[in-house]
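Chains as they are written, first to last, in the working numbering: chain G, 83 to 349; chain X, 7 to 424.
Please keep in mind that the hints were generated in silico from the structure rather than gathered at the bench.
In this text, all values refer to a predicted model and were calculated from it rather than measured experimentally.
Even for Gly, the Cβ is constructed at its ideal location relative to N, Cα and C.
All the pointers check out, no bait thrown in.
A partial selection of chain X residues facing chain G, derived with a Cβ cut-off under 10 Å:
id, residue
1, G33
2, I41
3, A42
4, D45
5, S180
6, G181
7, S182
8, I189
9, L193
10, V197
11, S199
12, V200
13, Q307
14, Q312
15, T313
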Amino acid sequence: MSGSAIDELFERTRAENRAALVGYLPAGFPTKELSIRAIQAMVEGGVDLVEIGLPYSDPVMDGPVIQAAAEQALAAGARTSDVFDVVAATAATGVPTVVMTYWNPVERYGVERFSADLAAAGGAGLITPDLIPDEAGEWVDASRSHELDRIFLVAPSSTDERLSMTVEAASGFVYATAVMGVTGAREQTSSLGEALVARVRSVSDKPVGVGLGVSNGTQAHEIAAYADAVIVGSALVRCLLDAPDEDAGIEAVRALAADLRAGVERS
Amino acid sequence: MTDVQPAPARPAYSQPDGSGHFGRFGGRFMPEALIAPLDELDRAWTEAKADPAFTAELDRMLREYANVPSPLYEAHRFSEAAGARILLKREDLNHTGAHKIRNVIGQALLAKRIGKPRAIAETGAGQHGVASATACAYLDLECTVYMGEVDTERQALNVARMKMLGAEVVSVTSGSRTLKDAINEALRDWVASVDTTSYLFGTAAGPHPFPSMVRDLTRGIGDEARAQCLTLDGRLPDAAVACVGGGSNAIGLFTAFIDDADVRLVGIEAGGDGVQSGRHAATITGGDVGVLHGARSFLLQDDDGQTLESHSISAGLDYPGVGPEHSFLADTGRASYVPATDAEAMSAFDLLCKTEGIIPAIESAHALAGALRLAEELGPDSTILVNLSGRGDKDVHTAAEYFGLIDEPVVLEQGVEE
Ligand SMILES: Cc1ncc(COP(=O)(O)O)c(C=O)c1O
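The shape of chain G in the complex, shown without the other chains (with noise of 0.2 Å):
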C-alpha cells in the first residue's frame, strides 16, 4: 500500500472494527461560503472522510436531489476553480478529502493541472462516475505522479472480468454502487450490495465503500456489517435543500452525519 491519507483511514477504522463513514456535498451549493460551512459541519457530525461534489451541466448518473444542487450551484456562478478551495478548507480539518466529478470538467481543466492544484489543496483523489479505467490512461498517469488515490466504481452489472480489472485499477478504495440506479436516498437499502461487496473481497483486499441510496443511521449500521465504508450523499443534499434557512441546514447535515456515525458505530 502506498500509505495514502485513505489508506490511513481504513487502517484505522479496520482496527477499530468499524466501518468508516463517507459524506458527500457539491462544492459551491448554495455558495461557496456555504457549502464550506456545511462540509465543516458534517466532518464535527462525524464524517471521516468527504467527497466533494464539482457541479456539472449534465449529471447523468444523479438523481433529483443531487440534479438540483448542482443547478443551483451553477446558477450561483460555481466554477471549476472553486472545488480547490473548498478541497483546501475541508483537508484542513483533517479528513481525507477527494472529489467526485463527471469526466469532462477535469478533462477541459486539463488532466495533469487539475491533477496538481488538487495535489496542491491537499485532495486525496477522484472519484469519477462516468470514467472507466479503460479510458483513463492519463488520469492513471498523472494520480500516480501526483499520489492521488483513482476511486473506480463497480456495479451489479459488472462482469467478473471487468470487476477485477476495474478493482485493480482503483487505489484507496473501490466505490460499490449498490443499486442500478440513479443516485437518491431510498426507503430500503438494495440487497444488491452486499453481493457486490463479497465479489470485490473474492479478488482483493482493498477497502470497499457501498454507496447509493443510505439516507439514516438505520441504513448504516445496516451496510457497516459488511461493508468498509457506507457512502452518504443525497440526503445530506436534502438537508440543505429542503431546510427553511441556511443554519438550519447546516445544523441538519450535523445531525444526519452524526445519526449515521452512530450508526456505523453501533455493533
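We have chain G; now place chain X with the ligand onto it with these hints.
Just chain X with the ligand now, kept in the frame of chain G:
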C-alpha cells in the same frame, strides 16, 4: 498468380477500433453499471448483422413498411436556380417522413431479437420520438419517449402523434429542458431498467456501440444513392452533402463514399444566428473537443467544460454535441463541416418549395443551403448529391411564422366558406 491483387493505394476505411474509438474520438464515458449492457448490445448487434435471417427480415420491413429504398431525384428547377446539377436523395418519402425510421426499425428489431419488451428513446423535435413510437407499435414493444419540456411545448403536435401511436411521453424538466436533458433522463431510466429495456438512440452519437450501430443502420442511404448515381450518370457525384445534428443522416450518406477520394463530403451544421453570435449549434465549426453523453467528440462547452445551450431554428439540429465519427472525419480532413445560418436555411427552404413543390424539413434545408454555396464554387458542370433527410410537415408552423404567413387575418377570413 491469379489470386494476387495489387496492394490498394490506401487501405480501405475501417473505423472504429474494437473498443469504439475513431482515432482520438468516441469510446465510452459512462457509468460502470452500463458498460456490461453496452458490451452485450455490441455483441448482439455484431451477431445480428452477420445473421442473414435478421438482415433479410430488416430489409423486408424497410421495403414493405418504410418505403425504402428512397428514390434519387434530379431537381431540375432547383438545379437551374443553384447553378449546378442537384440530385436529391428522397428520404422525405420514407414512412414517418425522415431517414430516422431506418435506424429505429433496426434497433427495435434488435430489441425483439434479444427479448427486451420495453423501449425508451429521447427526442428533440419529436421526429425520432415519432419514429420510435411507430416502430414500437409495429413491433409490439412498450415505448417511453423522453422529451424536454421546452420541446414538448414547441412541438405539441408531435407529442400528440407519439401518444396516438401508443407511446408514453415524459416531459423532462431538468437542466435546459431540451434534447440534451432528454438524453440524460433516458440514460437515467436505462441504468435502472436495462434488464428489460432497450435504449433506441436517435443519432450516431453516444457511447460505443451506438455511433457505429446507427451508422450501420443508416448507411443504406449512401449505398443506395451511390448505386442510383451510377445508374443515372455512370459516374459518382462531385460532392455529397448532408445536414449534421448528431450526425445519423450525414454518416448514413457519407459511409458509402468514404473510399471514393474524388467525392467531396460536406456536412452542414446549424449556424443559428451565425457562429460569431454565439447562438448556434455548429459543434465542429464552433466547438472544442470534450466528453458528452458517453463519447469524446466536439461539443459546445464553456471554459469549465459545462455544456452550452445550442440554438437553431431547426429543432433536429439543436444539439450541442455531434457523433464522434464526424469529429474524426473532420480531423482527418476526409469530410468538411461548414455552418449554414437560420436565414440561409430558410431561404433554401423557400427555394425548394417554389421550384420543386417539395417542402423540406428545416434540418434538410440546411443541407440545401450548403449545396447552394457549393454550387457557386463547383460551377454548372458539377453534380451535387444532397440528402433530403426529411419532409417539412412537422415544420409548417415554424416556417409559417418565419415567413409571416400566420398573422394574416385576411387568409383566415377569406378561407372560411359559408
Ligand atoms: C429530417 C431530419 N434531418 C436531420 C436530423 C438531424 O439528425 P441527424 O444529424 O442525426 O441526422 C433530424 C433530427 O431530428 C431530422 O428530423
